[in-house]
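For the sequence shown, position 57 matches number 57 in the UniProt record's numbering, and the numbering has no gaps at all.
A couple of the hints might just be wrong.
[Said to hold, decoys possible] Capping the alpha-carbon separation at 25 Å, the derived lysine-lysine pairs in PhoX-like fashion look like this:
| no. | residue 1 | residue 2 |
| --- | --- | --- |
| 1 | Lys40 | Lys30 |
| 2 | Lys108 | Lys40 |
| 3 | Lys30 | Lys108 |
[What the hints assert, rightly or not] Quick list of simulated restraints, FRET-style, between CB atoms:
| no. | residue 1 | residue 2 | range |
| --- | --- | --- | --- |
| 4 | Ser29 | Gly97 | 15 to 23 Å |
| 5 | His20 | Arg41 | 16 to 24 Å |
| 6 | Leu44 | Val91 | 42 to 50 Å |
| 7 | Ala31 | Met106 | 35 to 43 Å |
| 8 | Leu44 | Tyr81 | 44 to 52 Å |
| 9 | Ser85 | Ala31 | 40 to 48 Å |
| 10 | Ser17 | Thr79 | 18 to 26 Å |
| 11 | Ser99 | Ile38 | 35 to 43 Å |
| 12 | Ser17 | Val91 | 36 to 44 Å |
It is worth saying that the hints were derived from the structure and are not from the lab. Ideal Cβ placement from N, Cα and C applies to all residues, glycine included.
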Amino acid sequence: MYFIRHPLVTSVDQWTSLHHIDRKSVERSKAAYASIAITKRLTLLGLRERELRFGLAPSQVSSSIGNCPIPTLEVCPPTYYRSYSGLCNNVAQPEWGTSHGALSRMLKPAYADGKFS
1 MYFIRHPLVT SVDQWTSLHH IDRKSVERSK AAYASIAITK RLTLLGLRER ELRFGLAPSQ
61 VSSSIGNCPI PTLEVCPPTY YRSYSGLCNN VAQPEWGTSH GALSRMLKPA YADGKFS
């Protein structure tokens, strides 16, 4: 194990240098960062969410989404042990608590800048 003691290296960089990140996580994080960057740019331009809804065709939005929404399972296979990914650990709600799953918020987020942080 090693640690890089450079002031510009973040804790995330430290963690990723020690732990393997799977391909699915990398792909989804790139999409998330792109979404954040676009949101920041549109905010700087002064556009609001309701103005954006009328400016884009649904086909443009759906083609850029990629893997969203994640396909759902129809039936969970019976197993003796829980799955590593968390899928089907809850038979009534098989996607609750899965890795790489989106978290549905009960309340809207309250960020300082209104969008990200």
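Inset, instruction - Take a quick look at whether lysine 40 and lysine 30 sit within 25 Å of each other, Cα to Cα. - result: At roughly 15 Å apart (the allowed maximum being 25 Å), lysine 30 and lysine 40 satisfy the hint.
Legend entry - Holds or violated: lysine 108 to lysine 40, with C-alpha atoms at most 25 Å apart: holds (18 Å)
Legend entry - Outcome of range test on Cβ distance (serine 29, glycine 97; 15 to 23 Å): For serine 29 and glycine 97 the Cβ distance comes to about 20 Å; the hint holds.
Legend entry - 25 Å Cα cutoff - pair lysine 30, lysine 108: At roughly 23 Å apart (the allowed maximum being 25 Å), lysine 108 and lysine 30 satisfy the hint.
Legend entry - alanine 31 and serine 85 - C-beta distance against the hinted 40 to 48 Å: The hinted range 40 to 48 Å is violated for serine 85 and alanine 31, with Cβ atoms some 19 Å apart.
Inset, instruction - Take the C-beta atom of histidine 20 and the C-beta atom of arginine 41, compute their distance, and say whether it sits inside 16 to 24 Å. - result: violated (32 Å)
Inset, instruction - Take a look at whether the Cβ-Cβ distance between alanine 31 and methionine 106 falls inside 35 to 43 Å. - result: violated (24 Å)
Inset, instruction - Can you let me know if the beta-carbon spacing of leucine 44 and valine 91 is within 42 to 50 Å? - result: holds (46 Å)
Legend entry - Verdict for serine 17, threonine 79 (Cβ pair) under range 18 to 26 Å: Taking Cβ atoms as reference, serine 17 and threonine 79 lie about 35 Å apart, which means the hint is violated.
Inset, instruction - With respect to the beta-carbon atoms only, verify the hint that serine 17 and valine 91 lie 36 to 44 Å apart. - result: holds (38 Å)
Legend entry - 44 to 52 Å as the expected CB spacing between tyrosine 81 and leucine 44, which holds or is violated: The hinted range 44 to 52 Å holds for leucine 44 and tyrosine 81, with Cβ atoms some 50 Å apart.
Inset, instruction - Note whether the CB distance of serine 99 and isoleucine 38 lies within 35 to 43 Å or breaks it. - result: violated (26 Å)
When held up to the earlier numbered hints, the structure conflicts with 5, 7, 9, 10, 11 and fits the remainder.
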